[in-house]
Amino acid sequence: MELKMRLCVALLSLSLCLGLMGHVRAQEEAEDMDMDVEDAIDDMQEEDVEEEEQQVPSSPPVPTVTYKAPEPMGEHYFAESFDKGTLQGWVLSQAKKDGIDEEIAKYDGKWEVEEMKDTKLPGDKGLVLKSKAKHHAISALLLRPFTFDTKLLIVQYEVNFQTGIDCGGAYVKLLSQTPDLDLEEFVDKTPYTIMFGPDKCGEDYKLHFIFRHKNPKTGEFEEKHAKKPDADLRTYYTDKKTHLYTLVLNPDNSFEILIDQTVVNSGSLLTDMTPPINPPAEIEDPDDLKPEDWDERPKIQDPDAVKPEDWDEDAPAKIADEDAVKPDGWLDEEPEYISDPDALKPEDWDEDMDGEWEAPQIPNPVCETAPGCGPWERPVIDNPNYKGKWKPPMIDNPNYQGVWKPRKIPNPDFFEDLHPFRMTPISAVGLELWSMSSDIFFDNFFVTSDRNVAERWTADGWGLKKAAEGAAEPGLMNQMITAAEERPWLWVVYVLTVALPLVLIIVFCCTGKKSSESTSAAEYKKTDAPQPDVKEEDEEEEAKEEESAKKSEEEDSTGEAEEAAEDNDKDDITSSQRLEDDILRRSPRSRKPRKD
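Residue numbers (numbering that gives the first Met the number 0): 0 to 595.
Do not take every clue at face value.
Quick list of in silico lysine to any residue cross-link-like pairs, SDA-like style, CA-CA up to 25 Å [stated by the list, open to error]:
no.: 1; residue 1: K188; residue 2: R421
no.: 2; residue 1: K404; residue 2: I299
no.: 3; residue 1: K95; residue 2: L180
no.: 4; residue 1: K131; residue 2: E113
no.: 5; residue 1: K129; residue 2: Q93
no.: 6; residue 1: K129; residue 2: A78
no.: 7; residue 1: K105; residue 2: A139
no.: 8; residue 1: K407; residue 2: D286
no.: 9; residue 1: K129; residue 2: E102
no.: 10; residue 1: K95; residue 2: A139
no.: 11; residue 1: K105; residue 2: G88
no.: 12; residue 1: K223; residue 2: E291
no.: 13; residue 1: K227; residue 2: D416
no.: 14; residue 1: K226; residue 2: F414
no.: 15; residue 1: K465; residue 2: L180
no.: 16; residue 1: K205; residue 2: V262
no.: 17; residue 1: K240; residue 2: P71
no.: 18; residue 1: K227; residue 2: D198
no.: 19; residue 1: K133; residue 2: K205
no.: 20; residue 1: K407; residue 2: E291
no.: 21; residue 1: K465; residue 2: R233
no.: 22; residue 1: K96; residue 2: T149
no.: 23; residue 1: K129; residue 2: L91
no.: 24; residue 1: K239; residue 2: D286
no.: 25; residue 1: K96; residue 2: K239
no.: 26; residue 1: K188; residue 2: F220
no.: 27; residue 1: K133; residue 2: I299
no.: 28; residue 1: K83; residue 2: G122
Simulated from the structure, these hints should not be mistaken for lab results.
Start from the sequences, fold in the hints, and give me the full structure.
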């Protein structure tokens, strides 16, 4: 019985795993499916109203979330929720991009402030990139410039790829504070201090963090790229949900990159950027040349080696097998191929132009039943005496000097910047993008140096949006049904998941009990240890039962015999007494004298 229970539990677990795998696969395939949850919620609310009017009990409605525009509560440098419905404070670039065709050089991509297509929060607006295959550029000044000194920097904003993303970026640039900064001339070459955010093209999913570091010796700027995140970023680009991207820079040179408040990348500006912040202290001397007599060969041919006298370099690698014998029935006189007797010269064949016509060759039908046709030749085999060309053996080079490398000299451009956090101050936020996808939704830009303020802004903005999206998501059963309607093969998985365990439970647990003997025998088979023979035990038990039965019979017979003996004794006593009385009566002495 214990074995049956284990089998049932294992089968139930297996079927549950199959069902979950099918459901997970359905969810992965359904990531690109656009579900209009808002209409479903409205329909459910209308049905609830009708049912309340009819006073019919119904299930509780889907909870709704009321939107309220977030407000910054504390020190900050920039905050934008777009809930006023305008681009007030933002500047559209009027410039052209250098070095490309005039037709696509203009930054004429369109921007709109509107709600998401499938918004779960009516009234929540954002900045939407509307055009495909165009350059877009828009920017806004900070409330005041941010200086990198003793305060940390937090930059965060939200992105939703409403229609997916094929090739394009959704990153933000923090523009450097310069005297000649003109937002109307914002282009790709406008100096920036930090570039941060998602970017994708093909199957390359990126999350940029780039900052421009100023060389303290030359004054030139060089882009430093953070290492790639270890996390898989694919879901954030394909699930069509709103995600919160956050960059935290600390004065101790550490950084954190978060998506939806979860750290996906972190490190140090000093050690986790490419190329490194600080150049090497020494470099190879560009003027150092390898000496002509420098020997880099670790092995050389033995100059004292001599080719053996019996070494035959001319011996062939293959020779004819002298032991081979021509098979019986070989047709030496028959060719392997013959001209096709049924072939006809084409009517348009011109011998002057095409030459003399010849029938095509076909396999000789006579050779089909023979081991072979044509002149027989011995097969070739490897030559046991073949050695090839002789070469002297290799030995260690006594003059080996190692691999030559130029000598090291002090790096004339060396510097050591131990505080790369002290970057160029920033004074504006900008989006300068090219995208092959449209309807990219941006919202709730925020720049601050206070973690508590940033968390409050997150809770009032993205947190509310996440709660609304969660409330609008269908239950597990509805998701499974919807997925099966789109992919009918899932019904097979669901049926197997439910029916298979039931059938197996009935077969293994509900088809009757086996005899104790068979159960015992089955239990004995679970181990290799020696076990007593079941038949012998049964015979012993039967013998014991027979012995006990005989004993009881003997006891019964003994009791009856004793009772019979007692009865016989009583009968004997009675008979003897009667005999004695009869003798006394007949005895003469017992007779009285007769009177005359």
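We went through each hint and held it up to the structure:
no.	hint	verdict
1	K188 <-> R421	holds (22 Å)
2	K404 <-> I299	holds (21 Å)
3	K95 <-> L180	holds (16 Å)
4	K131 <-> E113	holds (17 Å)
5	K129 <-> Q93	holds (17 Å)
6	K129 <-> A78	holds (22 Å)
7	K105 <-> A139	holds (19 Å)
8	K407 <-> D286	holds (11 Å)
9	K129 <-> E102	holds (18 Å)
10	K95 <-> A139	holds (19 Å)
11	K105 <-> G88	holds (22 Å)
12	K223 <-> E291	violated (41 Å)
13	K227 <-> D416	holds (23 Å)
14	K226 <-> F414	holds (22 Å)
15	K465 <-> L180	violated (37 Å)
16	K205 <-> V262	holds (15 Å)
17	K240 <-> P71	holds (24 Å)
18	K227 <-> D198	holds (12 Å)
19	K133 <-> K205	holds (21 Å)
20	K407 <-> E291	holds (20 Å)
21	K465 <-> R233	holds (19 Å)
22	K96 <-> T149	violated (37 Å)
23	K129 <-> L91	holds (14 Å)
24	K239 <-> D286	violated (57 Å)
25	K96 <-> K239	violated (31 Å)
26	K188 <-> F220	holds (12 Å)
27	K133 <-> I299	violated (64 Å)
28	K83 <-> G122	holds (10 Å)
In summary, the numbered hints that this structure violates are 12, 15, 22, 24, 25 and 27.
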